[in-house]
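A.B. asks: Chains as they are written, first to last, in this note's numbering: chain A, 4 to 333; chain B, 4 to 333; chain C, 4 to 333; chain D, 4 to 333.
Bear in mind the hints are in silico, worked out from the structure with no lab data behind them.
Accuracy of the hints is not assured; some may be wrong.
Same chains, same names: a pair is fine if it fits in one copy or spans any two.
Pairs of lysine-lysine, DSSO-like flavour, derived with a Cα cap of 27 Å [stated by the list, open to error]:
(1) LYS261 to LYS119
(2) LYS245 to LYS166
(3) LYS165 to LYS289
(4) LYS78 to LYS181
(5) LYS287 to LYS245
(6) LYS181 to LYS329
(7) LYS158 to LYS181
(8) LYS287 to LYS171
(9) LYS100 to LYS245
(10) LYS287 to LYS329
(11) LYS158 to LYS171
There are 4 protein chains.
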Amino acid sequence: MSFNTFGNILKITTFGESHGAMLGVVIDGLQSNFPIDTAFIQKQLDRRRPGFSINSTSRKESDTFEIVSGFFNGKTTGTPLTIVFHNNDQHSNDYEKIKDYARPGHADLAYQVRYKNRDYRGGGRSSGRETVCRVAAGAIAMQILSSQSITISSKIISIKGKKNLSEKEYEQLIQTYKGQGESLGGRIQVEAENIPIGLGEPVFDKLDALISHAIMSIGAVKGIEFGSGFASENLLGSENNKIGHSGGISGGLSDGEKLHFEVAVKPTPSVSVVQQFTDLKDLKSKKTLSITGRHDPCICYRILPVLESMTALVLLDCLYAVNGRKPGEN
Amino acid sequence: MSFNTFGNILKITTFGESHGAMLGVVIDGLQSNFPIDTAFIQKQLDRRRPGFSINSTSRKESDTFEIVSGFFNGKTTGTPLTIVFHNNDQHSNDYEKIKDYARPGHADLAYQVRYKNRDYRGGGRSSGRETVCRVAAGAIAMQILSSQSITISSKIISIKGKKNLSEKEYEQLIQTYKGQGESLGGRIQVEAENIPIGLGEPVFDKLDALISHAIMSIGAVKGIEFGSGFASENLLGSENNKIGHSGGISGGLSDGEKLHFEVAVKPTPSVSVVQQFTDLKDLKSKKTLSITGRHDPCICYRILPVLESMTALVLLDCLYAVNGRKPGEN
Amino acid sequence: MSFNTFGNILKITTFGESHGAMLGVVIDGLQSNFPIDTAFIQKQLDRRRPGFSINSTSRKESDTFEIVSGFFNGKTTGTPLTIVFHNNDQHSNDYEKIKDYARPGHADLAYQVRYKNRDYRGGGRSSGRETVCRVAAGAIAMQILSSQSITISSKIISIKGKKNLSEKEYEQLIQTYKGQGESLGGRIQVEAENIPIGLGEPVFDKLDALISHAIMSIGAVKGIEFGSGFASENLLGSENNKIGHSGGISGGLSDGEKLHFEVAVKPTPSVSVVQQFTDLKDLKSKKTLSITGRHDPCICYRILPVLESMTALVLLDCLYAVNGRKPGEN
Amino acid sequence: MSFNTFGNILKITTFGESHGAMLGVVIDGLQSNFPIDTAFIQKQLDRRRPGFSINSTSRKESDTFEIVSGFFNGKTTGTPLTIVFHNNDQHSNDYEKIKDYARPGHADLAYQVRYKNRDYRGGGRSSGRETVCRVAAGAIAMQILSSQSITISSKIISIKGKKNLSEKEYEQLIQTYKGQGESLGGRIQVEAENIPIGLGEPVFDKLDALISHAIMSIGAVKGIEFGSGFASENLLGSENNKIGHSGGISGGLSDGEKLHFEVAVKPTPSVSVVQQFTDLKDLKSKKTLSITGRHDPCICYRILPVLESMTALVLLDCLYAVNGRKPGEN
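Make a model of the complete structure from these sequences and hints.
C.D. replies: This is the structure:
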């Protein structure tokens, strides 16, 4: 496996499996002397944590983080800032009985063919747990952006096609299907304000191309659209040229409008109903099995800070490309 | 401007403006000793060329290419293979009257703010003409993939929301709006078959993330979705886990199913109706102007080989990451 | 600070300061299913450890390592293999009295100007302690190379200009100067055998260019020469073309001869004699001070595994570029 | 072949063979709105040109350049600035008789093994002609550096071990050996002044590591040393810490002293005396042959602008990493 690093000037490298000793993220390229509010990192991690709301899995993951480098006397030093998460509460035996079978909708089969080997305990690198690293790194990027008045927010547009329900109604919907061993997907909106005009690079690293790369690298995401997106074909050129349709990006550069994009989140593949698993020792053979353990019936809530974080990392990287990374004052 | 290079192991670098001396693409990382069918390159370029069908602009662009390096006695040498396109038939004076005004829906404003300078003749690097480079490079990648049985195809799903019309009916639709000085968008499907299981990298360079980056870096594209995409929220987890919904990618790796994604193409912003342009010397001031010259009323046909090419470049890059680049036999 | 990652396909990212919680290295791009001999990693680390021989500092660094990801049932999984070193035995107060002064021959002044901030406890990232990460990663690369019969070795050519002394005589020489609070430099030779012909990339990433980058990135190294090197000007072209002068690299590619290069190691700048320090609050002002604490009088012995490791990482990266990274068999 | 791109933020990509249609360089990442003095580019190219002084080959290479993109109204636009060199005066038949034999001291053998194919006309990518691209790009970087008072210079220290001869005496020396069909090497010094303190990145991309990579990627260079270099072992630590020994780099960052390094240039391998060539169809068989055509007896003069250029490209890249790339004013 390669390419566990993301970014051009501000780079994050993540490592670790859900059932190994620790996961972590190395953030390389941060400006020095920036004061970090560690409570905000924890706050974003708490939004991502399973068990935080009734909508999520009842696992109790240890999402307390430790900054082990690049941070001294409350500020970034400019050296690689590394955050680690020590694992515990690992129910490896939940995975033992299915270790020779590929779960439908998962990467199990592809991993086995590609690597001829996998850490079957919880998905290894394809586990959603990897996103703790992204959220912690993103929480730092969000603080630096915020010091320049750039803010990022996200919200749920729909779950299982139902729009504009209250949080309570969404919870009820999720609980109903959870009871049936099923999972639900939805649609999420991300917005960012006060982005200076001209961020992004005009050809291959257009701002929308970079954000798409970042967002589509999150496991459950199956689509992304900017501004009027797929609906733009319902407009004529002169209509689509008007304010509000670009999603804040024209010709690949931020254009001064609010950044706006929407994301398709699929129903999580870990469902407890019985399904056909592929026998990894004989790829043509199937077996009827079910996934046990605690899993998310709907990750639409938990994914919000992950989406915000990946957006923040792209925006800060693009800012650095234009402005460099002058140290903060002492 | 930076980052005019795309790819990890197989890298393409494009250069040139629509109204400069030439455009070109340097393809770095190709295996040596692969025989190239230059007629196929021209065939793909002809599909992209304006004026090829009545649906496109009536400009006569010179899309004859010259391979100037990396190619000897009909085969790749393994050195950077460079293809150039000499420009001619440039109607620079079409642009003279609007050089101090930013066209709506274009990158003009963002370029001016970012670079304080732009080649106003035809959009510079943000011109669609840059895609000749991608198509030529992609045509080579498609030949190498084809030698391993991997095929890529694309087709129009809808234009202005109308699905499944015949080519003749689409042409009529486009001509009608062209007469009004307007442009149309649409939806396109791309598919690839016989991709080996396990391509892509599991975390940041998931196959769908790489393809999204590549496809969203094409000017007119505003959205992308894989498999059941945005519609996946209408399915339960167990339903979405079934064959046909993944789009051929699970957990970021190719999973043995057919690769399938769909793309939103916006109506081209170059329309001839009068619009409000931003005065580049006073960003708060507007002026009523119209874009003259020959422009595409709908690029859905022309964009097909560009989409296929960017897909091919990603797939070949991922193949090289696994298999290396052994030279062909003499 | 940026660019804490080295390599094209096989990449290592190091993090951590000498006086923080931990240092570590993320090795991204390893082939899967390769069995690792962890004892060999420790053996190489022991060669690098201060206090191992009387030639080195008497500090007792904890060089026990922990593999925290990418390793399962004794084999690489193909995911990022991460090795961490927990710090202890940190004498931070040795540094307290000189925290406002830049040590001569160190990066202190440049760090302060660049970052306006530094972790003054022991040099931060510029500490030689960072090389534990390189040695651990290199020990894995050496095992993979060794499985393909490629071996790497290094030896001391001279210390303080004295060639071919016995180990005992070198130790005496070092002890003498250590007693005076001084340090010594030397010259080291690195060789590698059985490298397949054709490794390296012919233009910017010539094998000698990559090795020079890798080796010169080690703090104490001030020069490198391949084959007949600086002495080649004493030969005529036809003489220099003969076997034995190329150092194993012709035109940037391995040419089938033994890889041979030599390295200049400067006397370590941490000496305990009094010197003129620069006042970091007034760069034109000097103060007479001395560095206390335990420091290496000569790092020529300790640097050997670091040189071997960086060489191994370059060679394996180049091998992967040609051959890809097929998983080992189960 | 891969990795024909050099640089982190300012990247150059070169392409083209000595006997193809053209060579070129794409310079990606330049700041916009910088006025270029094209006469200075030609001046640097003329210093590199064979036939310029009697010391060089009598070939008449066409070193007139054409800027084909990224340049408008005398200034950089911020888009990729591309410079091409059209080839002519190609004596391909000089190479015909040796096309099945590997010249000693050249990359011919390694190319054939690696790529199973090579453009035998003049060395292909390993030809020294590729350096026209580096000189043109470097001439632009030197102008931008110069606008910030940073100057770069180089001079010959010795040829064939003879130091401090006059230019006339060096010419005589070279002519003597040229008459015998031989070639000579030498030692060159490069210096740069007014570099701001703190350039470079402290770990893998130390300023000396980047410069070594850049300089060792030039074909004829076999060694590099900074400051007191290999001679530093003759000094004690406290002596070597004094001003003048660091070469302007401490801990990998520029330290405010003058940048100083020296380079070993080997005698060019193209000599006309008879030598043993390797039969490419039977690698164990040798044949006595000689290289005909016009070749350089000593490239020490011609390599000066190449060394300056690679140094300039590294320094500007490092400057951009700290300061970003703000556009020039209109």
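A.B. asks: Could you run down the list of hints and mark each one as holding or not?
C.D. replies: Quick rundown of the hints versus the structure:
no.: 1; hint: LYS261 to LYS119; result: between (46 Å within a copy, 22 Å between copies)
no.: 2; hint: LYS245 to LYS166; result: both (26 Å within a copy, 25 Å between copies)
no.: 3; hint: LYS165 to LYS289; result: neither (35 Å within a copy, 41 Å between copies)
no.: 4; hint: LYS78 to LYS181; result: neither (44 Å within a copy, 38 Å between copies)
no.: 5; hint: LYS287 to LYS245; result: between (53 Å within a copy, 16 Å between copies)
no.: 6; hint: LYS181 to LYS329; result: neither (50 Å within a copy, 41 Å between copies)
no.: 7; hint: LYS158 to LYS181; result: within (22 Å within a copy, 39 Å between copies)
no.: 8; hint: LYS287 to LYS171; result: neither (44 Å within a copy, 45 Å between copies)
no.: 9; hint: LYS100 to LYS245; result: between (57 Å within a copy, 22 Å between copies)
no.: 10; hint: LYS287 to LYS329; result: between (58 Å within a copy, 23 Å between copies)
no.: 11; hint: LYS158 to LYS171; result: within (15 Å within a copy, 43 Å between copies)
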